[in-house]
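Listed in order, the protein sequences are those of chains A and W.
Here the first sequence stands for residues 1 to 372, where the numbers follow the UniProt record's numbering.
Here the second sequence stands for residues 1 to 372, where the numbers follow the UniProt record's numbering.
Keep in mind that the hints were calculated from the coordinates and are not lab data.
The structure presented is a predicted model; accordingly, all values stated were derived computationally and were not measured.
Simulated coverage check for chain W against chain A, where a stretch passes if three residues somewhere in it have a Cβ under 8 Å from a Cβ of chain A: (1) 314-327; (2) 334-346; (3) 353-361.
Below 25 Å or equal to it, Euclidean Cα-Cα: the simulated DMTMM-like pairs (lysine to aspartate or glutamate) are: (4) A:164 <-> A:264; (5) A:364 <-> W:325; (6) W:299 <-> A:355; (7) A:364 <-> W:314; (8) W:299 <-> W:37; (9) A:357 <-> W:314; (10) W:364 <-> A:325; (11) W:350 <-> A:301; (12) W:350 <-> A:314; (13) W:350 <-> A:355; (14) W:350 <-> A:335; (15) W:357 <-> A:314; (16) W:93 <-> W:264; (17) A:364 <-> A:323; (18) A:93 <-> A:247; (19) A:241 <-> A:94; (20) A:299 <-> A:280; (21) A:357 <-> W:335; (22) A:186 <-> A:94; (23) A:350 <-> W:335; (24) W:93 <-> W:247; (25) A:350 <-> W:355; (26) A:357 <-> W:301; (27) W:364 <-> A:314; (28) A:271 <-> A:179; (29) A:350 <-> W:301; (30) A:350 <-> W:314; (31) A:357 <-> A:91; (32) W:357 <-> A:335; (33) A:357 <-> W:325; (34) W:357 <-> W:335; (35) W:299 <-> A:335; (36) W:357 <-> A:301; (37) A:182 <-> A:280; (38) W:357 <-> A:325; (39) W:93 <-> W:72; (40) W:240 <-> W:89.
Idealized CB from N, CA, C, for every residue including glycine.
2 protein chains.
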Amino acid sequence: MTEIAAIDRFTCVIPAGGVGSRLWPLSRAAAPKFLLDLTGGGDSLLRATWNRLMPIAPPERIMVVTGNAHRESVVEQLPGLLPENLVTESEPKDSSAAIGLAAAILEQRDPEAILGSFAADHVIRGNVLFQRAVKTAVQAADQGYIATIGIHPTHPATGFGYIKCGTGRTDLAPFDVYDVEKFVEKPDEATAGAYLQQGGHLWNAGMFIARASVLLDQMALAEPGLVAALREIASVWGTKKAAVARERLWSGLPKIAVDYSVAEPAAASGKMVCVAAHFDWDDVGDFASIADLLTRGRKGDLAVLGDGAQVLSDASSGIVVSESDRLVALVGMTDVVVVDTADVLLVTSKAHAQDVKALVNRMKVSGGGHLL
Amino acid sequence: MTEIAAIDRFTCVIPAGGVGSRLWPLSRAAAPKFLLDLTGGGDSLLRATWNRLMPIAPPERIMVVTGNAHRESVVEQLPGLLPENLVTESEPKDSSAAIGLAAAILEQRDPEAILGSFAADHVIRGNVLFQRAVKTAVQAADQGYIATIGIHPTHPATGFGYIKCGTGRTDLAPFDVYDVEKFVEKPDEATAGAYLQQGGHLWNAGMFIARASVLLDQMALAEPGLVAALREIASVWGTKKAAVARERLWSGLPKIAVDYSVAEPAAASGKMVCVAAHFDWDDVGDFASIADLLTRGRKGDLAVLGDGAQVLSDASSGIVVSESDRLVALVGMTDVVVVDTADVLLVTSKAHAQDVKALVNRMKVSGGGHLL
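Work out the full structure: start from the sequences and follow the hints.
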């Protein structure tokens, strides 16, 4: 029996990693996606994430996990972040290690701690609906479940994974909570259309809410060595031994996404529940997503992102992202993507926006790495 | 009976005017098309025109007519140009005034003078064939005809006017000289295809070769006031009175293309002949033309124009024109046109290359004129 209410034992964890190479050349190694303002609202995605979580948890219960290289940028973006809640990785080890370390540190601080993991680089509109979903998820987590938040699809998206919902769990909440039957990989368009038609399939927004100990114990079933190492680091976290422990153990950790180490096995064993939510959510994975976000999906519209951007266009559609005050003139272009930075100009189409990643990968091996 | 051979009375006139607004933002008011290097060969089109004419006429018989604003640029490009052969206009008055003034000055210097007018901003490959055609045209001109040089079409071009050839004129030359039956405006694609199929239609390259007096007398039938004014200016040309005379008369001159004041009426009255030629010719009227020129028409190729241009492309095709040393990355673009200058970036397609002019016209009235 816990004496402190679940929501008061709840810490928001923001894993802030990932360059977002599909958003190159706007995103760079030194300017990863979570540090960018992709909505034109004036805040980086990280800052917007912080602002969104503030009504749910006070600053002392918001934690950020990021790479050493981004420590200063993160502190600059989030002046309210407490030093003890900034967890840095010496090298990127994917989400199991990042979220797992946060969980282990929180478990160390309070064995009854509940945590929720929320990406630093997604866009959400409808904060009240988001907050309500999180609070419902926290209640389910307090009962020992691993909860996720699924988004009701508004179109047959092929760029997101889906959650197939099972039985409604009215024992956990009167509405909107379901067993997770399984997680489904990004579907083709026909399958995505069928999901939309038949219902019961939600977008997987990659949010996980659980007791820290439950999350770690679940992860330990798949990755016992990883969890043992994370708990060892956490046991000395905040002391002078922390750096040494992390130094010794971190580089040997396996790189595995929390989806595979936790979410899928938990779903298979009936420990995963889903809160179905209606807020607008996008992982803004490529420039086509940003264009749709800025034009709110209106066909034929041209989206413009950039402070000094001057755009002269006829009936052209797509998106112009400008980091200069040059005039960008478009003539007769449909669904074009133009990204104008100081040292790189990218021109592609919304249909090929995903292929930017392939170009970036090519540059890594063929030279031009200084521009990444 | 002339004692001096026709070719030794022949002066090449290069009207160097026209911004080339379809090539904006590469072309600007201060950097008109004829001052640009559009082939990547290192020479401006004007300089290349000069080089092409040198084997036909010595420097003392090559004349340039240009706007006052471009005097210095022209002199810089053509150090061999004699001061008395640089004719400047106080304001642009279209080709009848420009070529007519040159003709009047040459007529003043030598009543038997023959002139040929060759645009400063076209691209020609096959100089020997060009020289031979010009020499044939000079012979016909000496006989009192107005000669033009028509290019055998290699594809059903819709961007050029055509010359419909009549009877072969073996009295003037053993081969390749025909009466001009009429000039035909830019055709649609079906018509252009039919021209190519049936033969007898040549591209109108806008070259006119005639005795100066014949050209002026023909022009005087349509535009007597214009020709009278030009002859009045020419009568004092080279004296201290020239500037005053030009100042007084020039602004009142009608703006009319030499095609309408001379070529079409001359054709209608049987005074126009055509030399059919096989050299490669292009008026490089838009970026699609430049792309075709640089890739020699190979489909799927990407053309690159610019000294410092760095281009990273997958299977994209079209043209990149770069005035910077920025990396230009293209992903999945077909027949794209990217023009990257210091203050303007243009993105369009080969299919819309002609529409750049409409954009420029819009800018003239709606602001942004400082970028033109």
